[in-house]
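Undergrad: Could you build the full structure based on these sequences and the hints that come with them?
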Amino acid sequence: MTDYKMHLLICGGTGCKASESDEIKNRLNQLIGDLGLADEVQVVLTGCFGFCEKGPIIKVLPDNTFYVQVTPNDVVEIVEEHIVKGRPVKRLLYTDPNSAEQISDSKGMDFYKKQIRIALKNCGFINPENIDEYIARDGYQALGKCLSELTPEEVIKEVKDSGLRGRGGGGFPTGLKWEITKNVENDQKYVVCNADEGDPGAFMDRSILEGDPHSVLEAMAICGYCIGADKGLVYIRAEYPLAIQRLKIAIKQAEEYGLIGDDILGTGFNFHIELRYGAGAFVCGEETALIHSMEGLRGEPTFKPPFPSVSGYMGKPTNVNNVETFANIPVILNKGAEWFSKIGTEKSKGTKVFALAGKINNVGLIEVPMGTTLREVIYDIGGGIKDGKEFKAVQTGGPSGGCLTKDSLDIPIDYDNLLASGSMMGSGGMIVMDESDCMVSIAKFYLDFTLEESCGKCTPCRVGNKRLYELLDKITQGKGEEQDIEKLKDLSVVIKDTALCGLGQTSPNPVLSTISNFEHEYKAHVHDGKCPAGQCKSLLRYDIVEDLCTGCTLCFRNCPVGAISGERRAPHFIDQTLCIKCGVCFEKCKFNAITLT
Amino acid sequence: MPKIKLAENTVQLIKDICKEFENKESELINVLHQVQSKLGYLPAEVQEVIAKELKTSVAKVYGVVTFYSFFTMIPQGENPISICMGTACYVRGAEQVLNEFKRQLKVEVGESTEDGKFSINCLRCVGACGLAPVVTVGEKVYGRVAPTDVKKIIAEYKNH
Numbered sequence: 001m002t003d004y005k006m007h008l009l010i011c012g013g014t015g016c017k018a019s020e021s022d023e024i025k026n027r028l029n030q031l032i033g034d035l036g037l038a039d040e041v042q043v044v045l046t047g048c049f050g051f052c053e054k055g056p057i058i059k060v061l062p063d064n065t066f067y068v069q070v071t072p073n074d075v076v077e078i079v080e081e082h083i084v085k086g087r088p089v090k091r092l093l094y095t096d097p098n099s100a101e102q103i104s105d106s107k108g109m110d111f112y113k114k115q116i117r118i119a120l121k122n123c124g125f126i127n128p129e130n131i132d133e134y135i136a137r138d139g140y141q142a143l144g145k146c147l148s149e150l151t152p153e154e155v156i157k158e159v160k161d162s163g164l165r166g167r168g169g170g171g172f173p174t175g176l177k178w179e180i181t182k183n184v185e186n187d188q189k190y191v192v193c194n195a196d197e198g199d200p201g202a203f204m205d206r207s208i209l210e211g212d213p214h215s216v217l218e219a220m221a222i223c224g225y226c227i228g229a230d231k232g233l234v235y236i237r238a239e240y241p242l243a244i245q246r247l248k249i250a251i252k253q254a255e256e257y258g259l260i261g262d263d264i265l266g267t268g269f270n271f272h273i274e275l276r277y278g279a280g281a282f283v284c285g286e287e288t289a290l291i292h293s294m295e296g297l298r299g300e301p302t303f304k305p306p307f308p309s310v311s312g313y314m315g316k317p318t319n320v321n322n323v324e325t326f327a328n329i330p331v332i333l334n335k336g337a338e339w340f341s342k343i344g345t346e347k348s349k350g351t352k353v354f355a356l357a358g359k360i361n362n363v364g365l366i367e368v369p370m371g372t373t374l375r376e377v378i379y380d381i382g383g384g385i386k387d388g389k390e391f392k393a394v395q396t397g398g399p400s401g402g403c404l405t406k407d408s409l410d411i412p413i414d415y416d417n418l419l420a421s422g423s424m425m426g427s428g429g430m431i432v433m434d435e436s437d438c439m440v441s442i443a444k445f446y447l448d449f450t451l452e453e454s455c456g457k458c459t460p461c462r463v464g465n466k467r468l469y470e471l472l473d474k475i476t477q478g479k480g481e482e483q484d485i486e487k488l489k490d491l492s493v494v495i496k497d498t499a500l501c502g503l504g505q506t507s508p509n510p511v512l513s514t515i516s517n518f519e520h521e522y523k524a525h526v527h528d529g530k531c532p533a534g535q536c537k538s539l540l541r542y543d544i545v546e547d548l549c550t551g552c553t554l555c556f557r558n559c560p561v562g563a564i565s566g567e568r569r570a571p572h573f574i575d576q577t578l579c580i581k582c583g584v585c586f587e588k589c590k591f592n593a594i595t596l597t
Numbered sequence: 001m002p003k004i005k006l007a008e009n010t011v012q013l014i015k016d017i018c019k020e021f022e023n024k025e026s027e028l029i030n031v032l033h034q035v036q037s038k039l040g041y042l043p044a045e046v047q048e049v050i051a052k053e054l055k056t057s058v059a060k061v062y063g064v065v066t067f068y069s070f071f072t073m074i075p076q077g078e079n080p081i082s083i084c085m086g087t088a089c090y091v092r093g094a095e096q097v098l099n100e101f102k103r104q105l106k107v108e109v110g111e112s113t114e115d116g117k118f119s120i121n122c123l124r125c126v127g128a129c130g131l132a133p134v135v136t137v138g139e140k141v142y143g144r145v146a147p148t149d150v151k152k153i154i155a156e157y158k159n160h
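Those protein sequence lines, which keep their order, are chains U and X. Per my numbering, the first sequence starts with residue 1, numbered consecutively. Per my numbering, the second sequence starts with residue 1, numbered consecutively.
Heads up, some of the hints might be wrong.
[Stated by the list, open to error] When the alpha-carbon atoms are kept at most 27 Å apart in a straight line, the in silico BS3-like pairs for lysine-lysine are as follows:
id, chain 1, residue 1, chain 2, residue 2
1, X, LYS106, X, LYS158
2, U, LYS457, X, LYS55
3, U, LYS474, X, LYS102
4, X, LYS38, U, LYS248
If you are wondering where the hints come from, they were derived from the structure by calculation, not from laboratory data. Quantities reported herein were computed from a predicted structural model and do not represent experimental measurements.
TA: Put into C-alpha cells, the structure is as follows:
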C-alpha cells in the first residue's frame, strides 16, 4: 500500500454530489497528477459528513482542515496553496456565525462538538467502495469474534444487555426480537434489512448505506448467525441509486474476501445477501407490507400476529431490522454492551441519528446521545433558526409524528419522552418550522401525503383521511365553520382507533398535535378569516401603499403574471383578479411599500 | 386510452427480462423495474405480456403497477421534471416552485407537455435537504430553487 502523506476526503453523499463533488474530485486528481504528487496525496470520495448545509465539504488529513462550500473553481487554489505550500485557504474555512471566528478543525465546530458517532462512525472517514478501509477501522472484527468465540445465545445476550432499541421508529428491543426469531423452529429463516426510508425529510439510512455499507452487511451476517438464517435481504428504495450501487459493490467485495457467502472465515457458517427494490410506497416501511412487497405483491399490511418473527417472508420466520439499528451492532459487539449502555437515558440507550432540516441554519445529519435536549439540537448543533426568525415548532416522526413547541425545548429526547409529549421518535426526521409556517397547512401537507400513500385496504384510512383532508382544506380556504375543529378531533380519534396498520393509526397525529398546540391558529382561520403565519393564499391580500411607493418599477418587472401596473416614478397598483399571491413583489420591494393582510 | 401495438422486438425484450427472473411470479416487481427502465413506462399492452409470461392475471400486474408510485403507465417527457415535495422542501417553499412550473408549462402533475418535451412529477425526498427546495430535471439536480428561477431552468432545455 502506498504511504500517503496527505489525504483529501471529499463528501460523496447525494447532497454534495448534486453540488458537483464528483467534478471537484476529478479536478483534484488531475491537478495532483500533473504536479507529480499522486503518490503522496490521496483523494478519497467518502460518505456523508453530515454538514449538508455547507456542502460540498473537503477535509484535509492529517491537519483536519475542514473546507466548506467548495466549488470546482476552488480546486486550483486548494492545491497550490494548501497542498504545495502548506497554507490553508482561509476563505473556504467555516466561520462561526456567533463569534465570527474562522474554525479550521471540524472538532472545534459547534455542529460537531455535542455529537457522538456510533452508527455514523465511518461516514465521512472511509471510501465506502473499498472494503480494506472498512476493515482498517475494525470492520468485520465483530463478525469474526461472534463466529469463532461466541455462541448465538451469548451474542443475543450482549445485544439485549446493550439496551439497543429499533431505530426505525418502533423502539422494540433488538435483542429480544432476535431471541424470538431464534426460538422459532424452522428449516429456513431470513434476515431482512429495512432500507425503505419513506419519511420525507429523513435521510440517515441512505447516508449510512452510501457512506458505510459494510457495517450493515456485517450486522446482518451476525444476526443470521444468531437466529439461524443463511439468507439476508436488503429491501431498498429504487429512488436511492447511489446507495444501491455502493451496496452492490460492498456485497461483491465482501464475497470476494469470504466474509459473506459459504463457509465464512472457515467456520462452516453460510450467509448470502441479496437486494430487493421498493417502488415508492411509504407503507412498505411497515414490516408486513414490506414482506409482501418483497414477494412481488402489492405492499399491503396484514394483521399482526402472526409477527414476521414467526411467519414472514415466504411464510418463514423473518427478522426485520432497520439500517441504523444494524449499523449499531458491530460497534456494540466490539466495544461491549456495558460501554454502549452507559450512553443515553435509562430506557433509551446509545445514540440516535437525526436528519435536521427545514428552517434551520445547519441542515444536516447529526448523531447525538439519547437524552440530548431539543434546545441543544436546534440551537447548539443546528445553529438556530434561519434568517433570525422565531422558532415555532419542530416536527418529529414524520407524517406519523407530531410537533413539539417551545415548551418542549428542554425535554431530553428519547423514545418515551417524545411519546409523552405527543410526538414520536420515528425514523429521526426533524423538520424545524419558524413563525412564517402555518400549522394548519402543515397538517394538511401531511394528510395529503398519507392520502396518497394509503393503500386503501381499510376504510378508516382510505375514507377517513380523505375527510380529514377536506376539512383542513376548507379551513385553509377560509371557509371553515365553527364545528369543523371539533369534527377534526372526533374523526382523528376514530381513525386512530380503527385503522388496520401503523400508517392509518398514526396518520391523524399531525392534526391532533397541531390542534392541541396551536388551536388559536385554527380558530384564527375559522373565526377571523386570517392566517396568522401569512401562508394560506386564499386568506392573503397584497396591496401597494401609495404614499410609500416610489414607482421604481421593481415589483412590476418581477411580477410573474403581470398583475402590477403603473407609470415610472408614480405609485403602482396590484390587480387582485390577476394576483397569484406568490409574494415576489413583497420580497423585492425595497421601500416596504407592499402590505400583506 | 388508444391501444398500441408493440413491436415484435419489444415483446421479445419483455419476454427476455421475464426469463432472466425465471418467469417467477414473485419476481414481478423486479421485472417491472427492468421493463420500465428499458421502455420508460408500462402501458397496458406491456402488462399483458408480462402477465402471460409470469402466468398470472393482468389484474394482478395492473394492481401492482398502480400501487407503487415509481411505476407509470404514461410516457414521461423528454425532460422529466421532478419537484421534491418532502417536508424539508415543502417548508422552504417547494409548493410555490411547483405552481410556477405548472403555470409556465401549462400542465398538471403527472402530465407531459403537448410537444412531449417536459413532464412534471412530484417526488418524496431525494435526501438533499440541505439544498431545499430541490428540483431534478433528468439526472441533474437544482438546489435552492426559487419560483423566479423556474423560467431559467425551463429555458435551459427548451432548445435541446
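Undergrad: What are the numbers of the hints the structure violates, in ascending order?
TA: Result: no hint breaks.
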